[in-house]
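J.: Listed below are the residues making up each chain.
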Amino acid sequence: MAKYLMLKHYRGAPAAPNDVPMDQWTPDELAAHLKYMDDFAERLEQTGEFVSGQALSPQGTWVRAGGEGEPPVVDGPFAETKDLIAGWMIIDVESYDRAVELAGELSDAPGAGGKPIREWLELRPFLDDSADLTE
Amino acid sequence: MNETQLRDLVPAVIGVLVRRGAAFASAEDAVQEALLKALESWPGDPPRDPMGWLVTVAWRKFLDARRAESSRTAREFAVDSAAVTGPAYGMDDSLWLYFLCAHPSLSPGSAVALTLRAVGGLTTRQIARAHLVPEATMAQRISRAKRTVADVPLDRPGSLETVLRVLYLVFNEGYGGDVELAVEAIRLTRQLASLSDDPEVAGLLALMLLHHSRRASRTDASGRLVPLAEQDRARWDTALIAEGVGVLQAALARDRLGQYQAQAAIAALHADAASAAETDWVQIVEWYDELLAIADSPVVRLNRAVALGEAEGPLVGLAELDRLDARLPRHTAARAHLVEAAGDLASAARWYAEAADLATSVPERDHLIRQAARLRQESAGRANRQQE
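Protein sequences appear in the order of chains C and H.
According to our numbering, the residues represented by the first sequence are 135 to 269, in order.
According to our numbering, the residues represented by the second sequence are 7 to 394, in order.
Hint data in this document are derived by calculation from the structure and do not stem from the laboratory.
Check before you lean on any hint, since a few could be wrong.
[Stated by the list, open to error] Now the stretches of chain H that chain C is said to cover, found in silico as 3 or more residues with beta-carbon under 8 angstroms:
hint, segment
1, 351-360
2, 369-379
[Said to hold, decoys possible] Restraint ranges, calculated between C-beta atoms of paired labels, are given here:
hint, chain 1, residue 1, chain 2, residue 2, range
3, C, Pro192, H, Asp261, 46 to 52 angstroms
4, C, Pro192, H, Ala299, 36 to 42 angstroms
5, H, Val139, C, Val197, 45 to 51 angstroms
6, C, Trp196, H, Ser367, 20 to 26 angstroms
Positions of the beta carbon are idealized from the N, C-alpha and C atoms, including for glycine.
Please put together the full structure from these sequences, using the hints given.
T.: Written out as structure tokens, the structure is:
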């Protein structure tokens with residue numbers, strides 16, 4: 135089993151085929167979208183492939199050290215970032231292929247007009263902390 | 007005796023150990039060990055005197071720890087078992103513990119954790135789960151909190167006000183691990199109310215009961231947030247409402263108004279309305295004025311502006327809102343609500359979308375996005391009808 139991080143982006147990812155901001159969907163479209171996401175997570179819990187998931191606020195701030203004796207430098211709250219992460223889901227799956235399959239499925243969540251969003255999701259494998267003891 | 011009743015004994019047991027000369031931190035550790043042992047052995051072999059049993063076992067654990075320590079340091083065994091005197095478990099000890107756990111030297115988060123452990127008798131694991139952090143992280147927070155209060159003299163406790171704020175924080179952190187913090191906060195506040203004679207303790211208890219009574223109706227079957235006006239009032243817990251109102255009335259009768267009693271009075275007026283439309287907004291605004299006179303805060307002013315919008319019309323509410331700092335939490339959401347009530351659906355949709363970006367929880371974000379979507383649909387429909 136290997137862990138993968140699936141990242142959803144507010145912006146920064148290439149534009150999705152069905153790229154309409156959420157607040158311009160109809161309430162029914164929203165409900166269908168949220169249900170799809172919930173069902174997806176629940177199904178992965180059943181298959182034992184779900185690890186965790188969390189939504190992130192768009193209110194990101196960039197911070198860096200200001201140098202000796204100086205306070206940290208803060209850029210934001212509206213940093214001119216090219217990329218903004220909306221949330222993540224961590225899955226624990228048998229293979230890379232399965233991870234790609236699941237990310238594809240999540241990307242297919244219904245959006246405006248009830249049609250799939252086909253948004254781009256970022257898939258990142260975890261680096262493992264443990265030494266490999268298998269011979 | 008169930009686990010909750012068992013936990014009720016914790017503050018008194020710690021108090022006894024401390025009065026016998028144990029330091030707070032070691033007493034607390036010893037009582038935790040005794041609790042674990044009780045949970046293990048009581049189901050099969052319940053003691054006749056649970057309090058006595060806990061004191062005896064905890065004291066033994068404390069002595070063991072001292073012995074281990076003193077043999078390590080090769081020092082004389084300082085605490086003499088013979089010095090132990092009669093039981094005399096007093097209420098004052100428990101009350102003192104409440105004050106200690108809410109000591110002003112602790113950060114609010116540490117005070118909450120320490121209160122849950124020393125007064126609530128929860129294990130570190132339970133507290134960690136309720137806060138969704140690893141157990142080791144919570145263990146560190148608690149031991150840091152214990153070190154902070156280690157040198158606090160017993161004669162200078164914190165204020166009751168701080169204790170109430172800590173209990174209020176526990177209630178607000180309504181996460182659901184294996185311990186429901188809102189329920190735990192109500193239990194502890196009940197206990198505090200039995201120990202102290204202050205109408206504000208009763209006010210806080212009433213406030214918690216009244217909020218808790220609406221719990222089942224606050225979300226729908228799919229986990230969606232349901233705003234107060236749309237809640238199914240048949241699902242409100244009438245027994246809790248009746249109890250909350252009773253506790254509040256007894257407190258108000260004593261004529262020492264405080265912020266918790268005022269907040270509970272507002273919650274009681276909501277609970278009392280047969281429908282959202284029948285809410286007595288005029289009286290709610292009056293209570294907000296009382297609240298402002300006692301404890302002025304931007305958040306109270308924001309809530310008052312919304313109530314004013316209901317009582318005297320959205321434009322009055324919006325004018326009031328304009329006088330407040332727009333960076334306040336929920337300021338944008340309140341504006342969206344009042345703009346909608348004023349009939350400008352297209353602007354309200356934009357304000358709701360902006361409020362959704364500022365939301366601090368997923369259900370709140372989803373709720374606000376949904377409001378924006380609903381209003382865009384309605385205002386589009388309205389524009390179409392006008393064109394025809």
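J.: Each hint needs a verdict: does it hold in this structure or not?
T.: Here is what the structure says about each hint:
no.: 1; hint: 351-360; in the structure: holds (count 3)
no.: 2; hint: 369-379; in the structure: holds (count 6)
no.: 3; hint: C:Pro192 x H:Asp261: 46 to 52 angstroms; in the structure: holds, 48 angstroms
no.: 4; hint: C:Pro192 x H:Ala299: 36 to 42 angstroms; in the structure: holds, 38 angstroms
no.: 5; hint: H:Val139 x C:Val197: 45 to 51 angstroms; in the structure: violated, 22 angstroms
no.: 6; hint: C:Trp196 x H:Ser367: 20 to 26 angstroms; in the structure: holds, 23 angstroms
Violated hint: 5 only; the structure is consistent with all others.
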